[in-house]
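Asks: Chains as they are written, first to last, in numbering that gives the first Met the number 0: chain L, 0 to 481; chain F, 0 to 402.
Hint data in this document are derived by calculation from the structure and do not stem from the laboratory. There could be a bad hint or two in this list.
Computed list of lysine to any residue pairs in SDA-like fashion (alpha-carbon distance at most 20 Å, straight line) [to be verified]:
#, chain 1, residue 1, chain 2, residue 2
1, L, LYS227, F, ALA253
2, L, LYS227, F, ALA201
3, L, LYS169, F, MET82
4, L, LYS227, L, ASP284
5, F, LYS305, L, ASP114
6, L, LYS333, L, PHE141
7, L, LYS227, F, PRO360
8, L, LYS169, F, GLY80
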Amino acid sequence: MTRMQMPVPDAAVLERSHQIIKDLIAIAGKDAVIADEEGRRTFESDGLTAYRCMPLAVVLPRSTAEVSGILRYCHREGVKVVARGAGTSLCGGALPVEDAIVVGVSRMNRVLEIDYENRFARVETGITNLGISKAVEAEGFFYAPDPSSQLACTLAGNLAMNSGGAHCLKYGVTTNNVLGLKVVLMNGEVVELGGAHLDADSYDLMGLMVGSEGQFGIVTEATVRILKAAEGARPMLMGFASSEAAGACVAGIIGAGIVPVAIEFMDKPAIEVCEAFAKAGYPLDVEALLIVEVEGSENEISEMLSRIQALAEPYQPTSVVISQSAEQSAKIWKGRKSAFGAIGRIADYYCMDGTIPLSRLPYVLSRIGEICAGYGLKVANIFHAGDGNLHPLILYNANDPASSERAELAGAEILKLCVEVGGCLTGEHGVGVEKRDLMRTQFSGTDLAVQMRVKTVFDPDWLLNPGKVFPLEETLAVKDVA
Amino acid sequence: MRPAAGWELQNMLLPIVGRQIPVEVVGSGSKQAIGRPMQTAARLTTSAMQGISLYEPSELVMSAQAGTSLAQIEATLASNGQMLAFEPIDLAPASGGERGKQTIGAVFACNVSGCRRISAGAARDNLLGIEAVNGRAELFRSGGRVMKNVTGVDLCRGLAGSWGTLAVLTEVTFKVLPLPEATATLIYFGLPDDIGVEVMCAAMRSPYEVSGAVHLPQTVAARLEHEGLRRQGQAITALRIENFHSSVTYRREAIRNALKVYGDPALLDTSVSLSFWGELRHLSVMPYNCETCLWRVSTAPTRGPKIVAAIKRHMPVEAYYDWAGGLIWLEVPASADAGASDIRRAVAVNGGHATLIRAEPDVRASVEVFQPQAPAVERIVRGLKEAFDPYRLLNPGRMYASF
């Protein structure tokens, strides 16, 4: 990939790096600070592996008090800080910069309190997304947002990116499932936002914090909503002769008043790769596939699925498979959830994350095909059809710089296309470093200025997660006035 | 000032900002008596900004100009078998205003949600995109028309519930959902508050997607408009189930079985259910009364009865519990501080916050109407006001005396 321009490192900070490391050890202890080259290398990149940068040091604190001490020190010394969960960001949200320290919350992963009566769990944010559901599953509860990386990704990262998942059509994304946060601000102050109740008592600071991509503060604890799981769930597969038909079918189902818990769309290249990997029983002779999942008791599921089948009739599905067992359901979802990994086995891929209005799906898919063909690249499309979130996976060869560059150019064109049809640059992955320079295609200068002022309120010196979210020139301009 | 479009509003605000004239921002004005009284030299209403600019039923999305009446929005949605799932309540009748007048912009600006908030999220959760003009007379947008969008700072959440003190919403885009095919309500009679909340929490812990859970103590239930229920003369604990017909029948029986230790509930069918939950949408059980004050307390559900019991040690209280016990509408006798110190102390012990919804203007001027903030949080709140409205022109002092 092309080299991403980052803010020029602060020479004075780099010069003091030995002293800074010493000071950090004094604050957090020797075993919490990683300063050797080998150790730091582990943190030089995140899920967007094309970009790498070695941080000055890495600190893995064990408590809110330690995070507070570290940030207070960095604030005083003018040292930049990149917060990190599990490092699964697909947009370079956790990409370090040379003159910054990485503060990773992975050691803070305890469950602090579970209250089934009031339906919340209070946890440290280094816990994995799935770890929350695991902690409450014995009582039949779960934590709703389910990003594909849920086995590895931390709640901290989910909060930073406002992560979604396949089931957010019904259950919402991270911001809809959080009740309270404990946040360490850049100056070391610890603030509590929200609590175990359902609404904000002043401005919705929690709403601003969620999705702020590690630029407003470091969240060390969160109170999240836990929900009782439905009695059962079952997916059905429907194959279609065209993506137009599949898209129209989704509109038909929702328009008729049925909102399934998930509607996933895959195009032919995606189906082929996922089927080869997961043997999920996906039909191979179709152009588009829908996975539609409904929840409830056995009878409710049957009735809902037969209603959906009837609604799908006019769109002439070429195959309909209703899962008959828990094993089959698991396989069907395994195929979808491992799509990225499966595609990763056959080629390097660049995963995009735009959102589009559903009605524009056929147009967007054909344009994506043209764009990628224009660059001599193949593409597979996976789409959370119910909420319009599109993941084109552009296949390229990472060892060939020309191929990498073409993938990046194709990706940018695709995202501009998403904005052009009324959608947005990113539905659930975040802007990070990857899309920051495309922000102007979606926002006016004023829109960005308004957002950047909010950032300044939380982090007046712009020390947190530098070089992300906003176009670099805009960032530099703000810092000059600040 | 009565602009008809966002750009016109911006143009009207430009000289206002230049001359630093404080402005009262209203939609229809139905919530004018809520918040601290203001001293403003001008008034800006969004009521001429009318119309639904986008409606895609199959994409569950609608956009409307901020001044469009909620009634019009809901009628349009209903004619397509859809609704605002968060079921916004109407605060006007309880605060001395006129019922049925509120605008869609104000619904989001004040983050007004109703009983279905426990299952479908609040107004803020259903807001997808905004266009607004801030106190610098800048017209800006955030969010969009798609369900999933994490592009940039989430100003939709930031502005929802800011009561017009940061920016004037000029257009809102929001999520809509299909109307349920059928609705049933299970009513348990005669339960004391703590047991009522226990029933509601137990129901919420079931997999049956209860979409409304309210408890009305006997004296409050006696204020219901619905004659049949009022005449029972008992406390009412009501659970709502919504889905397709056979599912509602199944779930209602399943809940009845699961909760049978609490007695045998009465059953309201779809049409009676709609009128019961419909009257709660305008707070029928907390009508305007100049001799009392009305508070809104938000807490964890099981803390609700504890807070009410604690406050009862200091003053007579009428309480109506919504959100399975997590939202309490508290009516207390009018007094110089509206009971603020005792109420806030009880809330502080149990967690949550309290907002004074109805009191005489002099009381609202002297008491903290919105929950006082911890110093570090207040600095952020103040910083946001400064970022959006540095001259403190938009609804100055409505939320906090100093800004």
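Asks: Which hint numbers doesn't this structure obey?
Replies: Result: hints 4 and 7 break, sorted rising.
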